[in-house]
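Number of protein chains: 2
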Amino acid sequence: MDLYEGIRARNRLAAARLISLVENDDASAREVMRRLHQHTGKAHIVGITGATGSGKSTLVSALTKALREHSRTVGIIAIDPTSPFTGGAVLGDRIRMQELATDPGVFIRSMGTRGALGGLAVATNDAVNILDAFGKEVIIVETVGAGQVEVDIVGLAHTSIVVTMPGGGDEIKAMKAGIMEIGDIFVVNKADREGADRAAAEIEMMVEIVKREPAYIPPILRTVATEGLGVDGLCNAIFSHYDYLQEHGLLEEKVRVRIMGELLEIINHRVHLSVTDALEHDPEMLDLMKKLVDTREIDPHSGAAMVIRHLMKRE
Amino acid sequence: MDLYEGIRARNRLAAARLISLVENDDASAREVMRRLHQHTGKAHIVGITGATGSGKSTLVSALTKALREHSRTVGIIAIDPTSPFTGGAVLGDRIRMQELATDPGVFIRSMGTRGALGGLAVATNDAVNILDAFGKEVIIVETVGAGQVEVDIVGLAHTSIVVTMPGGGDEIKAMKAGIMEIGDIFVVNKADREGADRAAAEIEMMVEIVKREPAYIPPILRTVATEGLGVDGLCNAIFSHYDYLQEHGLLEEKVRVRIMGELLEIINHRVHLSVTDALEHDPEMLDLMKKLVDTREIDPHSGAAMVIRHLMKRE
Chain A
296 MDLYEGIRAR NRLAAARLIS LVENDDASAR EVMRRLHQHT GKAHIVGITG ATGSGKSTLV
356 SALTKALREH SRTVGIIAID PTSPFTGGAV LGDRIRMQEL ATDPGVFIRS MGTRGALGGL
416 AVATNDAVNI LDAFGKEVII VETVGAGQVE VDIVGLAHTS IVVTMPGGGD EIKAMKAGIM
476 EIGDIFVVNK ADREGADRAA AEIEMMVEIV KREPAYIPPI LRTVATEGLG VDGLCNAIFS
536 HYDYLQEHGL LEEKVRVRIM GELLEIINHR VHLSVTDALE HDPEMLDLMK KLVDTREIDP
596 HSGAAMVIRH LMKRE
Chain B
296 MDLYEGIRAR NRLAAARLIS LVENDDASAR EVMRRLHQHT GKAHIVGITG ATGSGKSTLV
356 SALTKALREH SRTVGIIAID PTSPFTGGAV LGDRIRMQEL ATDPGVFIRS MGTRGALGGL
416 AVATNDAVNI LDAFGKEVII VETVGAGQVE VDIVGLAHTS IVVTMPGGGD EIKAMKAGIM
476 EIGDIFVVNK ADREGADRAA AEIEMMVEIV KREPAYIPPI LRTVATEGLG VDGLCNAIFS
536 HYDYLQEHGL LEEKVRVRIM GELLEIINHR VHLSVTDALE HDPEMLDLMK KLVDTREIDP
596 HSGAAMVIRH LMKRE
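Taken in order, these protein sequences are the chains called A and B. Sequential numbering from 296 applies to the first sequence in this note's numbering. Sequential numbering from 296 applies to the second sequence in this note's numbering.
Treat the hints with care, since some could be wrong.
Covered by chain B, according to a simulated footprint, are these stretches of chain A (three or more residues, beta-carbon under 8 angstroms) [as the list claims (entries may be wrong)]: (1) 324–330; (2) 559–567; (3) 570–581; (4) 588–597; (5) 601–610.
Here are the simulated lysine-lysine pairs, DSSO-like style, with alpha carbons at most 30 angstroms apart [stated by the list, open to error]: (6) B:360 to B:549; (7) A:586 to A:608; (8) A:608 to A:585; (9) B:360 to B:337; (10) B:586 to B:608; (11) A:337 to B:585; (12) A:337 to B:586; (13) B:549 to A:585; (14) A:585 to B:337; (15) B:549 to B:337; (16) B:586 to A:549; (17) A:549 to A:360; (18) A:608 to B:586; (19) A:586 to B:608; (20) A:360 to A:337; (21) B:585 to A:549; (22) A:337 to A:549; (23) B:549 to A:586; (24) B:585 to B:608; (25) B:337 to A:586; (26) B:608 to A:608.
Since the hints were derived computationally from the structure, they do not count as laboratory data. All values derive from a computational prediction rather than experimental measurement. For every residue, glycine included, the Cβ atom is placed at its ideal position computed from N, Cα and C.
Assemble the whole structure, with the sequences as input and the hints as a guide.
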């Protein structure tokens, strides 16, 4: 099957296969990605991160149903951590999502962190671009955790949603720097539980500390995803944020920053691979390692400059 | 003051000043770091990370007192997140640590994530090397959170300690991939609280899943840091782990991996700075951005290759 033609014809198998190829950093994907790029840039990319146990996956399922009712086609990329200890819960989430998978307007894909971390970000961005070229109108990038890598990935979306729940304030506070800064919309899910008011008030307080575009105040919404409550409101908040970006000429900048982030991730990943390969196999670099580690003649900063020069010479 | 001579003479002000210079990526620090490298490689580097609220800072204070009773000199590098929301707690921890700061055998330094993330890891490694050249026998790198960046930094220590507490199991489970893998010693702090047995059992179960050097089983210790209970046991476990590394010829490999990690962090950081600078200011790269973002003639993978070629040509 020609993957380029397949994706342009909205063949789901072609999309699934191409995502597997980019996950495995397969060279044959490169040419297809090159040709697909002209068809990207149309989707609204929505990132969702937040506290563990806040019900992000259920919320994504409910949100997807709401988006379908608004006649939007939806792509979902769920980023799972490698760790074997969350495997069960993640599997459960995936099963719940199977309901949606029978709808031809929805495409769901899980991406693992099993590869290098730089690699995961690269593969996630590639998968977003594939679903964009496929014609999905809204692409949701959902993370299981809320570590730095996830915040970085979700922060590059056009609209970033941060989810918490009653009693989840401590975890939000403990979250990585940048989590409040990336939030365009905040959601208190499981809002039928005690403490929803306090959770919303805590977020409001934290939101006020973070500087923003003067005109924009991120909404703080309440949902009960399991019942579908408040989910249409979230759907509308997502549309409103996109309108806001367009009306204020901010979407262009978001798109630019996103592509710059894509370039940086690809470059980082490539550099990482070349450097580790050279340090482990190249005779000149093995000699450098000896001078760094054993004789201590060369310090890490000078050594790093030597590695860069060496790789440039080799290219 | 000549900073090289100052540090070799164990002048604390010289160490503090040089760490500030490396934090600010000041060029004048480079030459001093180059000369100091020959005096590094003697310290035992101990990393401590784990669940928020598990009392890591109190444990570090108590551990430092125990190490001093064993006549070891101690350097402490505490890595704080930027986030304004934890500022109070961190300040409190720092005040508690002031007690130790009057002991000339102890040197304490906080490092912020305010700079670029790549920059924090680089500056932290530089600070470790400064305290190593200063003559500190044990250098503790303590993180406030347990995100991917912190796990990466702590994972490069010779001995990595993961701290949790009764009821903290969920957070440990939710932690970034790699947290169980890096732990050489596990600590259940606040072990006088209900649930300490369960917490220890949970860790034991998780530890069994992770593959290790056949001979090594990481100990799971219990402490009540506020009372100093179990802290001498932790101190001895740290010494035992170092002996184990030496006896099995593993220390050399840890040292090598650490320096390789240092090189990678420096290179990543430099590449990041050059790439963002070029993409924002270099006319040829601004034109490339247009072709990526506006006309979509060039895809991110091809664009990344062009950026790399361009930077190599420019050097």
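Residue 586 of chain A and residue 608 of chain A: Cα distance at most 30 angstroms? At roughly 20 angstroms apart (the allowed maximum being 30 angstroms), residue 608 of chain A and residue 586 of chain A satisfy the hint.
Checking one constraint from the list: CA of residue 337 of chain B to CA of residue 586 of chain A, max 30 angstroms. Satisfied? Holds. Residue 337 of chain B to residue 586 of chain A sits at ~16 angstroms (cutoff 30 angstroms).
Regarding the pair residue 585 of chain B and residue 549 of chain A, is the alpha-carbon distance no greater than 30 angstroms? holds, 14 angstroms
Is residue 586 of chain A close enough to residue 608 of chain B, meaning Cα to Cα at most 30 angstroms? Answer holds: residue 586 of chain A to residue 608 of chain B is near 29 angstroms, not above 30 angstroms.
Just to be careful, I want the Cα atoms of residue 585 of chain B and residue 608 of chain B compared with a cutoff of 30 angstroms; is the pair within it? holds, 21 angstroms
Can you confirm whether the C-alpha distance between residue 586 of chain B and residue 549 of chain A stays at or below 30 angstroms? Within the cut-off at roughly 16 angstroms; holds.
Distance restraint between residue 549 of chain B and residue 585 of chain A, which requires alpha-carbon spacing of 30 angstroms or less: Distance of about 14 angstroms is within 30 angstroms: holds.
Please verify whether residue 608 of chain A and residue 585 of chain A have alpha carbons no more than 30 angstroms apart. holds, 21 angstroms
Take a quick look at whether residue 360 of chain B and residue 549 of chain B sit within 30 angstroms of each other, Cα to Cα. Satisfied, since the Cα-Cα distance of roughly 26 angstroms is no more than 30 angstroms.
Quick check: do three or more residues in the region 601–610 of chain A have a beta carbon closer than 8 angstroms to a beta carbon of chain B? holds (count 4)
If you draw a straight line from the CA of residue 586 of chain B to the CA of residue 608 of chain B, is it 30 angstroms or shorter? holds, 20 angstroms
With a cut-off of 30 angstroms on the C-alpha distance, tell me whether residue 549 of chain B and residue 337 of chain B pass. Holds: residue 549 of chain B and residue 337 of chain B sit about 13 angstroms apart, inside 30 angstroms.
Checked against the numbered hints listed earlier, the structure breaks none of them; every hint is satisfied.
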